[in-house]
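First to last, the sequence lines map onto chains A and B.
Mapping the first sequence onto the working numbering, position 199 (from 1) lands on 199, and the numbers just tick up by one.
If you want the working numbering, it's the 1-based position in the second sequence plus 245.
What the hints contain is simulated information worked out from the structure, not anything from laboratory work.
Incorrect hints may appear among the rest.
What the hints assert, rightly or not - Derived list of chain A stretches under chain B, where covered just means 3 residues or more per stretch with a C-beta under 8 Å from a C-beta of chain B:
{"id": "1", "region": "85-94"}
{"id": "2", "region": "101-110"}
Unchecked claim - Label-pair distances were calculated between CB atoms; the ranges are:
{"id": "3", "chain 1": "B", "residue 1": "487", "chain 2": "A", "residue 2": "15", "range": "55 to 65 Å"}
{"id": "4", "chain 1": "B", "residue 1": "322", "chain 2": "A", "residue 2": "180", "range": "49 to 59 Å"}
{"id": "5", "chain 1": "A", "residue 1": "73", "chain 2": "B", "residue 2": "321", "range": "45 to 55 Å"}
{"id": "6", "chain 1": "B", "residue 1": "386", "chain 2": "A", "residue 2": "183", "range": "29 to 39 Å"}
{"id": "7", "chain 1": "B", "residue 1": "489", "chain 2": "A", "residue 2": "122", "range": "23 to 33 Å"}
{"id": "8", "chain 1": "A", "residue 1": "15", "chain 2": "B", "residue 2": "386", "range": "20 to 30 Å"}
{"id": "9", "chain 1": "B", "residue 1": "338", "chain 2": "A", "residue 2": "115", "range": "49 to 59 Å"}
For every residue, glycine included, the Cβ atom is placed at its ideal position computed from N, Cα and C.
In case you want the letters, here they are:
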Amino acid sequence: MTAAIEIRDLHKYFGDLEVLKGIDFEVAEGEVVCVIGPSGSGKSTLLRCVNRLEEPTSGTIIIEGNDITDPDADVDRLRTKIGMVFQQFNLFPHLNVLRNLTIAQTKVLKRPRDEAEEVARQVLERVGLSEKIDEYPIRLSGGQQQRVAIARALAMNPDMMLFDEPTSALDPELIGEVLDVMRGLVRDGMTMMVVTHEMTFAREVADRVVFMDEGIVVEQGPPHHILVNPETERARRFLRMVEAK
Amino acid sequence: MYALAATFIAAVVLLADWDRIGFNFFNLEVMRDMFPEVITLAARNTVIYTALSFVFGLALALALALMKLSTIRPYRAFAIGYIELFRGLPALITLIFIGFGLPIAFDGFRTPGGRVGAGVLGLSIVGGAYMAETIRAGIEAVPRGQVEAARSLGMSKSRTMFSIVLPQAFRIIIPPLTNELVLLIKDTSLFFVLGTTPMTKELTKFARDVMIDIRNATPLTVAAIVYLLITLPLTYLVHRLEKRAAVSR
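Use the sequences and the hints to build the structure in full.
Okay, structure coming up:
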């Protein structure tokens, strides 16, 4: 299997604070990897380094064979291959749902408008929100906004998707609909890297779970191993804390 | 306290010479004589000067705001210097400098459009400095997540700025930008200093000339009313626009 994402010796400092202390990590094509760990463990920073929203201090990140950390890399083009979903949705509030889904298609991929709108309709159906095509984001619930945000990423036909705590900003009753959409992507064979606190979801869909703490990967492996019977004391303590909640 | 104020107002009302005030400030005959030129010439010129200064000033302001937010140091330094300079000077000085200073210093220097052109250029330069700060504040008020979302979709920095950030920034700054517009309307009254012809007078100069001519203050009252007829609908329009923008936020 080819690696979709390959991370080599990644370090990241914020000022004097070292948030990533040498991460080595791979996501294979079609693999679903869930990254878990306490807040401040560096998992979101790691995810944001993958498409260089966060500038790595040192180390290498290779996307489908292209070094995205190379100063000469065409980062904008590589990013079109990497869909990203944010905790706060970040839909464009001045554009309706259709325009949210087409703007990058027409401006970045240079797709003709008809084609972009056709793609938009398809991905919107995939997330079950066809009837909201003319609405503005403000009129949608948090769950619906996040589903539109997923559709916006899908409209670019990415080869992989990054999820940065996609359900953490949602009311509990809205989490299910977003996870359902993500399950659909897993079934379709999408390569996914998901930073999440949803342990049940991770156990159900992940091919591999990565446990991070204090800027390093402490442990990784299949979910039934990491989430049920971890080897390290740190992972055990984290799981007990999560279950207690 | 209120009693004191009431007594004072009552005294003014009783003691004032109402005939005299009426004759000098609200003289219907004088008002009639000012029409239609006060509208077709003076108010029209005021609106044209304001519109030109606003459009050029806004374009200049956008460039300055982007320079001030640039990562390139000389751009930032230039924008800061420019903004501080022209916000710190009286607009009158800038107008005189453009209209008289430059032609003295450089033989044959002519602003396109003559004296009006010099006035528009001067007000654009001043308005640009003020509006640059407004636009910059608007850009910075757009949440960081908007830029991240746009960049993660592969949009370049400039594409993100023009398609995602600026449209949202301008919605945010419509009210302060209107304030700048109202200020510009009033500042066109400074054009007189550059010299006028009968055809280029704006409202204040027009009213002042009539006043001096007939030794009666009513023209100022008329000018004041016309200014308000321009500015008040403007504020109302902006109020409407704000409401509409609120729907899409």
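Each hint tested on the structure:
1. 85-94: holds (count 7)
2. 101-110: n = 5 at 8 Å, threshold three: holds.
3. B/487 / A/15: 55 to 65 Å: 40 Å, violated
4. B/322 / A/180: 49 to 59 Å: Roughly 53 Å apart at Cβ, these two residues keep to the hinted range, so it holds.
5. A/73 / B/321: 45 to 55 Å: 27 Å, violated
6. B/386 / A/183: 29 to 39 Å: At 37 Å between Cβs, range holds.
7. B/489 / A/122: 23 to 33 Å: 31 Å, holds
8. A/15 / B/386: 20 to 30 Å: 25 Å, holds
9. B/338 / A/115: 49 to 59 Å: 57 Å, holds
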